[in-house]
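The task is simple: from the sequences and hints, build the whole structure.
2 protein chains.
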Amino acid sequence: MPEHKIRVDFEPFGKRVGIAPGHTLVDAARLAGLPLTSDCGGGGSCGQCVVIVRDQPDALSALTTTETDILSAEQLQLGQRLACQAELLQDVKVDVPFFSLITGQRLQVESATGEDLLPGTWDDLIVKPYQITVPPATLHDLRGDLDRVLDVLAEIHGCTGLSASPMVVRLLPDLLRQYHWQVKVLLRGSVIINFLPPNAYPLGVAVDLGTTKVAVYLVDLTNGVVLAAEGRPNPQIGYGEDVISRMIYVKNKPESAAVLSQAVVGVIDELTQLLTAQVQRSLQEVAEVCIVGNTAMTHLLLQLPVGQLAMAPYVPAAAAAQEMRAADLGLSLHGDVRVYVPPCVAGYVGADLVAMTLASAIGQDDRTVLGIDIGTNTEIILSKRGTRRLVALSCASGPAFEGAHIRFGMRAAAGAIERVWLNPEGPVVQTIGNGPAVGICGSGIIDVIAEMRRVGILNTHGRIQAGQPGVQPGVHSLEFLLVPAAQTATGEAILISQHDVDEILLAKGAIMAGIQVLLAVCDLQAQDLDEIILAGAFGTYLNLDTAIAISLVPNIPQERFRQVGNAAGDGARQILFSHTARKRALQLAREIEYVELTVYPGFRKHYARSMWL
Amino acid sequence: MPEHKIRVDFEPFGKRVGIAPGHTLVDAARLAGLPLTSDCGGGGSCGQCVVIVRDQPDALSALTTTETDILSAEQLQLGQRLACQAELLQDVKVDVPFFSLITGQRLQVESATGEDLLPGTWDDLIVKPYQITVPPATLHDLRGDLDRVLDVLAEIHGCTGLSASPMVVRLLPDLLRQYHWQVKVLLRGSVIINFLPPNAYPLGVAVDLGTTKVAVYLVDLTNGVVLAAEGRPNPQIGYGEDVISRMIYVKNKPESAAVLSQAVVGVIDELTQLLTAQVQRSLQEVAEVCIVGNTAMTHLLLQLPVGQLAMAPYVPAAAAAQEMRAADLGLSLHGDVRVYVPPCVAGYVGADLVAMTLASAIGQDDRTVLGIDIGTNTEIILSKRGTRRLVALSCASGPAFEGAHIRFGMRAAAGAIERVWLNPEGPVVQTIGNGPAVGICGSGIIDVIAEMRRVGILNTHGRIQAGQPGVQPGVHSLEFLLVPAAQTATGEAILISQHDVDEILLAKGAIMAGIQVLLAVCDLQAQDLDEIILAGAFGTYLNLDTAIAISLVPNIPQERFRQVGNAAGDGARQILFSHTARKRALQLAREIEYVELTVYPGFRKHYARSMWL
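Protein sequences, first through last, are from chains G and A. Plus 1463 on top of the position in the first sequence (first one is 1) and you've got our numbering. Plus 1463 on top of the position in the second sequence (first one is 1) and you've got our numbering.
Misleading hints may appear alongside valid ones.
Put simply, identical chains are the same to the list, so a pair is met inside one copy or across any two.
Distance condition first, Cα-Cα at most 20 angstroms in a straight line; then the derived SDA-like pairs of lysine to any residue [stated by the list, open to error]: (1) Lys1478 with Tyr1777; (2) Lys1714 with Leu1638; (3) Lys1676 with Pro1520; (4) Lys2046 with Glu2056; (5) Lys2046 with Pro1717; (6) Lys1676 with Ala1876.
Simulated from the structure, these hints should not be mistaken for laboratory data. Since the structure is predicted, the reported quantities are computational estimates derived from the model, not experimental observations.
In structure tokens form, the structure reads like this:
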């Protein structure tokens, strides 16, 4: 016969444990992973392990003299008990005030920022879910529904000065009556942003809004864990491939501002619905959205004016963090759910760089670190040892590394050539998925250009040399035959044209010129770099040897490189759920110095030099 | 030849004065009605009269040694001067930090609440207009537009931690460039709710949302002065004459909630546009809305659920104050302009009673005062000397006093009989505008019933007695001929039927029963009342002698009555613009005890007795 167990429900956590009769509430709380503060070790003398049990006096052993000594008459009247004194007799529901918990216990992420909050702890959560039970309305308790919720939050959890908008209050009367006066309250600062059924939990959506690609992450808002993720092309590409042409489009056609905004909002909305469905959760549970992107992207998203951003002196309408109701932005999210856009640094260094810097911890120790987030716009940041300086800039590297403007270029998908070797016997290629080649992606095109230079097909100025093996006349200029028609998936030969080479040289030249300017501004040489962090999908998959060979990145030992994946997206995830991360982002946006390349004296010289191979 | 005068502009007030050269800035500020703090009387030793003059050092006399002694290097660098030391040489623009002003100087309204804020002072304003000039964007000052506004507000006015939503930021870039980097910032708490052209000033809209009538007041938000006012019938009447029937309509047809809300929002919107046009101001300048009404009215307005309010135990979805964006409610107001609905007391004692209590200062001194706001729902409040108690209830008096349900009833408009005397020679009537009678309004019907009882046409039970002068058989019962057909504007005789008398007896019985219950709850007699305050249009125009004669109100000396007009509307006006009033309203809503008539033991007895004449 199985041992009889008593069920103990701990609110507001919605945690239930089974435990044998006679144990104390301290034992049950420990079993539930909710360690209660107890300086006296359970003797009842410190009075810290206060819990609240209402309307079920028989579920626990009688009040001890220790409790009647320690607790005030008001505390006893509110049903407060010392958990170390109360033994379990029957199933019971217990409210745990947060002051009774050992704070910091739920710590999962190390904080290197010196903030007093620890990521992942209760106090650090942007959205706090409180599960509460309120006294039912009767002719002798005529308080409003919202008012009884506010009273419980104040009395049990010490949350005062709260408000809830009518949009949120509308949900409350039905929920309370359907779930027997139990409800999950989502609190954000002093605002109740939603009411949910008792067993729901808040989800968040982190978005990396790139010029070319939109990446969406569905996140557990109580601990920052990514539950699902998905990407899509940025549909604004139809209105201009780069940010300048999109901004000019909107400037000339102000009525199109809403169209461009709704295009990306639609993608974020679609992916949010898809991801919540994938993990079998409800869209109602989504309680916060954080979107990072370059300054132009976030301006277009929020329909902030871009006229002054597209022309000198290129100033944002707002560099400060922006926040608005998700519903106002057009997302299918209800209640008072907010979209948060972290601060940007300048007109061309946006919240994405702030998020990337945060996630890769640049500037959080005293080292000289270069961070590069390669995309259609490439942002570069440098921290200098011994100075606490963070200096950043942005360069228009274009979409060539994403396969655009390259004749046989494609995104990094099945069939894309990702590695190339030019052996004496001829070219050898490796494709994603190892099937026949369809085209060539960013890492492949860097490989092929490095190899073409190594074997002498390209000279130092990047010109294709006639008479070299595989070089043949093309429509406009010489071309290099990489994969013959018979070996491709399409039946068409894959060729590298002079135009392709020029596109890549322009892109890599822009990035290297930016790096050189940053090093010059900080009075550093490449060899001084303790670390180079390569962020973004392309930066993660590129081959360091060939990237160094074409001087896309500085030539320092490969062990000093760290390829970190989508750091901007990861920063968005952190800023989404954690106050510590949000504060750190505000601090970074203030601290990062911006270099405007177009007015930097040495820029043209650096750019011209960086085009060489 | 006119004396040469120097123009001095004081910001953020946008005040300009002309003054002869050689005067100090203290003199100019006094002339502008902006008295600067100066404990030392102008000697320069107290250092309190700090003002800021940027970019115009030549407009003032050189820095004195007193100034260089008193002001820090940072203060001098920010362009700070001591106004008592700086003499005027040329036209100049001066920023006055609020800490330099004698606070309380703009006091207009006496505060009896013991709050530290004084109504009408700068700190007390709900919406504060800051007129600022920001440094222009250049290639050497790349801050965002919002960021330069935030910096000036922090540096000059000490306002930090501010935010502005994208909806508001959208307006900023064009405004700054159109008005040479000058802008009016409307600050509400820590939120910038709108940006306006430099010379605009914030307006507010106060609304008394009655069951039968909507009254709208356009108010200067910087001092609470009413600029224009207008009323309209409540269009929800088409969905039910009383609140219960409207709530049941919405409960049975949830999709109609938006329809009923939009009906009143449409009236408020129309009147707001009309009133701003009347005073030749822009709708853009409207920066705050405050709406009071009974609990059902504000629930229907905000589309809060009413199912639980229409049935026992009659609890509101929210008694707490509610706030939402005006645009979300459907008002044609832009930016982050908010609608504020003050707290209510209970399901049938709403924000209108709170506003009425506030405006008529009930409970702000130690007297026994009865406040009555007669309407379709009549709210009654009693303060008891020596106890600090405030007790309130509500009774369903119906719309008879507004002319509804009375055969020849009409609103108090031209042609309405407002006074009646039954002389031995026959009835004498006085109409509004003194023209031929069209119908009879509330005060007239009370007169006629009191007179009919006095001369014996009605007995103590309110039955029309056959054989009395003017009494004739009607369709269903006996009738009394008040005005013969030949003397009316319509050519139809004006008659008072038994049904009319019954309606008025029901209404006045409900009110008197409520008064009796309140007196009983507080253990008082009518003679203990120091004052009876009659609020609302009807309460203001009724004739005290006949109202006492039919026992609509207690029989105490007439000098103890005070007829105060639309006190609920005036309370809404105060809560609209003043923090002091808003805090007092929150305090009142907490303090007022509510008596639920339907469960009060003696109610039926009181009601039955109150029906007698």
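List, from low to high, the hint numbers that the structure doesn't satisfy.
Numbers 1, 3, 5 - these are the hints that the structure violates, sorted from lowest upward.
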